[in-house]
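Student: The residues making up each chain are set out below.
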Amino acid sequence: MSDRPHPILVGVAALVYLFLMVPLVIVVGAALSDTTYLTFPPKGLSLRWFENIFEISAFRRTIVTSLQIAFLGTLIALLIGIPAAYALNRFRVELPNWLGTLFVLPILVPEIVFGFALLKSLTAGAGVPIFAALLIGHTLLVLPYVVRVISASLASFDFSIEEAAISLGSAPVKTFFTIVLPNVRAGVIAAFILAFITSLNDVSVSLFLTGPGISTLPIQILAHVEQFFDPTVASVSVLLMFLTVAVMAVVERTLGLTFLAK
Amino acid sequence: MTQPLDLQSISAHYGTTKVLEDLSLSVQAGELVSLLGASGCGKTTTLRLIAGFLSPTTGSITLGGRDLTRLPPHKRDIGLVFQNYALFPHLSVLDNVAFGLKQRGLGSTERRKRAMGMLERVGLTPLADRSPGALSGGQKQRVALARALVIEPPLLMFDEPLSNLDAKLRVDMRVEIRQLQRANGTTSVYVTHDQEEAFSISDRVAIMNAGRLMQFDRPEVLYRRPANTFVARFVGFENIIPFKVTARDGAAVAAETAGMTLHLSQAGFGSIPDSFLLATRPDGLAVSTDPDAEGLPAQLGLRTYLGRAYQYQCETPAGRVVANGSLTTPLEAGTRVKLVPVPEQCTILPAEGAH
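If you read the protein sequences in the order shown, they are chains A and R. Taken in order, the first sequence gives residues 1 to 262; the numbers are from this note's numbering. Taken in order, the second sequence gives residues 263 to 617; the numbers are from this note's numbering.
Simulated from the structure, these hints should not be mistaken for laboratory data. Treat the hints with caution; some may be incorrect.
As the list claims (entries may be wrong) - Partial chain R-side listing against chain A, Cβ under 10 angstroms, derived:
#	residue
1	313
2	314
3	332
4	335
5	341
6	348
7	349
8	350
9	351
10	352
11	361
12	363
13	406
14	409
15	413
16	419
To be verified - Computed beta-carbon distance windows for the label pairs:
#	chain 1	residue 1	chain 2	residue 2	range
17	R	371	A	87	51 to 61 angstroms
18	R	284	A	87	28 to 38 angstroms
19	R	441	A	181	32 to 42 angstroms
20	A	181	R	433	31 to 41 angstroms
21	R	270	A	174	26 to 36 angstroms
22	A	20	R	382	51 to 61 angstroms
23	A	20	R	351	30 to 40 angstroms
24	R	433	A	15	49 to 59 angstroms
25	R	375	A	21	49 to 59 angstroms
26	R	271	A	120	54 to 64 angstroms
To be verified - Cβ-to-Cβ under 7 angstroms is the rule here; a few derived chain R residues that face chain A:
#	residue
27	331
28	333
29	336
30	342
31	344
32	362
It should be emphasised that the depicted structure is a prediction, and the values quoted were computed from it without experimental measurement. Beta carbons: idealized from backbone N, C-alpha and C, even for Gly.
Let's have the full structure, built from the sequences with the hints guiding it.
Tutor: Dropping the structure here:
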């Protein structure tokens, strides 16, 4: 066996990277164009379309809203999802199987149906304010990811480790924070990133829950494209991409992306 | 700090399934008692009840006069050693050992001093700063042992601690465990399915089956004088032959089974009931080709080579039995022989259903 990868493997890998990277390159290129319409390759180089994002107040507001919703929604989902995933794994034998399925339902239901159901029940039905409805919708949207990812992490956690700590005199709640959580940290980080990005990029659920005065960035992009064909859309897309990368970078800096190696 | 452990008529259920029935067991201070049995016999359940991870339906658990029955597990002060070591993967070896001391509010200097002292006793000083993931199975189990011992618990419990180690290391480790336990004089409960391990390491062994205690005694007694057919078969009395007493003359007793009369002395067995079972290991039946020998008539079946003897599957009027014959004269299948019980290697059990 030689250590050199097979030429076909190298070729396929290169194609995959190309397939993933080219659209990004095109979007970045289009965003830098000096023209008033979308084009690639860019004609002239300019940052004016990036400036333009911040000149349109709707973009400014929706970027803030999107970040707030993504951050708070992910946080709430983690607060619900971590204990839920723990209980589902710790008491797997005792708990009925359907309970685990319950937490995956928002993924199984088509998002468009899910969004419509939330509109009917929250906004139209219970009269929940738009921001709160968006927050609830996004929390429910990302909860399955949180529960699944942390469950996967807990599945390989040996609960006799927890019992060992308890037998050594550590109270159960304290044990959860000092022993269980540090050992599923990678799963929590992965869940955070996945949930945050899912929320930030969501269209279908937000479509139903946004309303007068409050919208999210992806919905605003859609609205903008319907009226204008200037490169602002491309520059917003680049911004969204960089937000995603920034989230991962910040998480990597503060907590470490060790889960990528596992 | 060594204390006696007392279990009083413990019953336990998983849902509606009864897993332990009326178990009473007293472990003396400083004693090492093994719970021995096949999987599902209730030995691990018993350990988890004592540790507090399960609650008994009825009964009480006391340790040195302190009632543990309703005490949460983290207040029981019991050192536990697990089959899969259960080391904290995110802490160094030293921090693993010091964990229990930290829970007891000891300062970091004192923690370090005591943990290092304990690591030295198990010969792991050079590995103090390693991560548990970098250790071998035997080293991991030593860390687990150190972690349980360093808190100086009044009770130490082992849950199949050697099952994941290879055979050679298992023997070394059990000697090491026994030496540490003896040196500290810590009352210990040791769960295992390995008879040799239990017998070699324990002061007394509790043999369990289907949630019940079958017999609780010193290994020597269990090995030579099992109290019932379950324990007899468990410790290798493969042949269990029913007899009826036909005559008694003082201490001498004559008993009969299909085709043979057996002469026994009451002195060797205590009282002999009118109807009893004679239990022997394969070595306890001498294979005799002498047609006049007073023994069980048998036809030899399959012969297997054990190294120290040949073993024969034998058909007799009393059913199938197993006997060992000498290496010098291998016999062919189909040979008709007499199987002569060797009284010193036999024991007597009450007939089933008679007690």
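Student: Decide, hint by hint, whether the structure agrees.
Tutor: Now for the hints, and whether the structure bears them out:
1. 313: 6 angstroms, holds
2. 314: Holds. Min distance 8 angstroms.
3. 332: 16 angstroms, violated
4. 335: 5 angstroms, holds
5. 341: Holds. Min distance 7 angstroms.
6. 348: With a minimum Cβ separation of about 4 angstroms from chain A (threshold 10 angstroms), the hint on residue 348 of chain R holds.
7. 349: 7 angstroms, holds
8. 350: 6 angstroms, holds
9. 351: Constraint on residue 351 of chain R satisfied, holds at 6 angstroms.
10. 352: 5 angstroms, holds
11. 361: This interface hint holds because 5 angstroms falls under the 10 angstroms limit.
12. 363: This interface hint holds because 9 angstroms falls under the 10 angstroms limit.
13. 406: Holds: closest Cβ of chain A sits about 8 angstroms from residue 406 of chain R, inside 10 angstroms.
14. 409: Holds, because the Cβ-Cβ distance from residue 409 of chain R to chain A comes to roughly 7 angstroms (cut-off 10 angstroms).
15. 413: Because about 6 angstroms separates residue 413 of chain R from the closest Cβ in chain A, which is inside the 10 angstroms limit, the hint holds.
16. 419: 8 angstroms, holds
17. R:371 x A:87: 51 to 61 angstroms: Given a distance of about 39 angstroms, which is not inside 51 to 61 angstroms, the answer is violated.
18. R:284 x A:87: 28 to 38 angstroms: Cβ of residue 284 of chain R to Cβ of residue 87 of chain A: about 33 angstroms, so the range 28 to 38 angstroms holds.
19. R:441 x A:181: 32 to 42 angstroms: About 38 angstroms separates the Cβ atoms of residue 441 of chain R and residue 181 of chain A, which means 32 to 42 angstroms holds.
20. A:181 x R:433: 31 to 41 angstroms: 39 angstroms, holds
21. R:270 x A:174: 26 to 36 angstroms: The hinted range 26 to 36 angstroms holds for residue 270 of chain R and residue 174 of chain A, with Cβ atoms some 32 angstroms apart.
22. A:20 x R:382: 51 to 61 angstroms: Cβ of residue 20 of chain A to Cβ of residue 382 of chain R: about 55 angstroms, so the range 51 to 61 angstroms holds.
23. A:20 x R:351: 30 to 40 angstroms: Holds - the Cβ-Cβ distance for residue 20 of chain A and residue 351 of chain R, about 34 angstroms, lies within 30 to 40 angstroms.
24. R:433 x A:15: 49 to 59 angstroms: 58 angstroms, holds
25. R:375 x A:21: 49 to 59 angstroms: At 57 angstroms between Cβs, range holds.
26. R:271 x A:120: 54 to 64 angstroms: 59 angstroms, holds
27. 331: 17 angstroms, violated
28. 333: Constraint on residue 333 of chain R not satisfied, violated at 12 angstroms.
29. 336: This hint holds: residue 336 of chain R lies near chain A, its Cβ roughly 5 angstroms from the closest one there, short of 7 angstroms.
30. 342: 4 angstroms, holds
31. 344: Holds: closest Cβ of chain A sits about 5 angstroms from residue 344 of chain R, inside 7 angstroms.
32. 362: OK, holds: residue 362 of chain R within 7 angstroms of chain A, min 4 angstroms.
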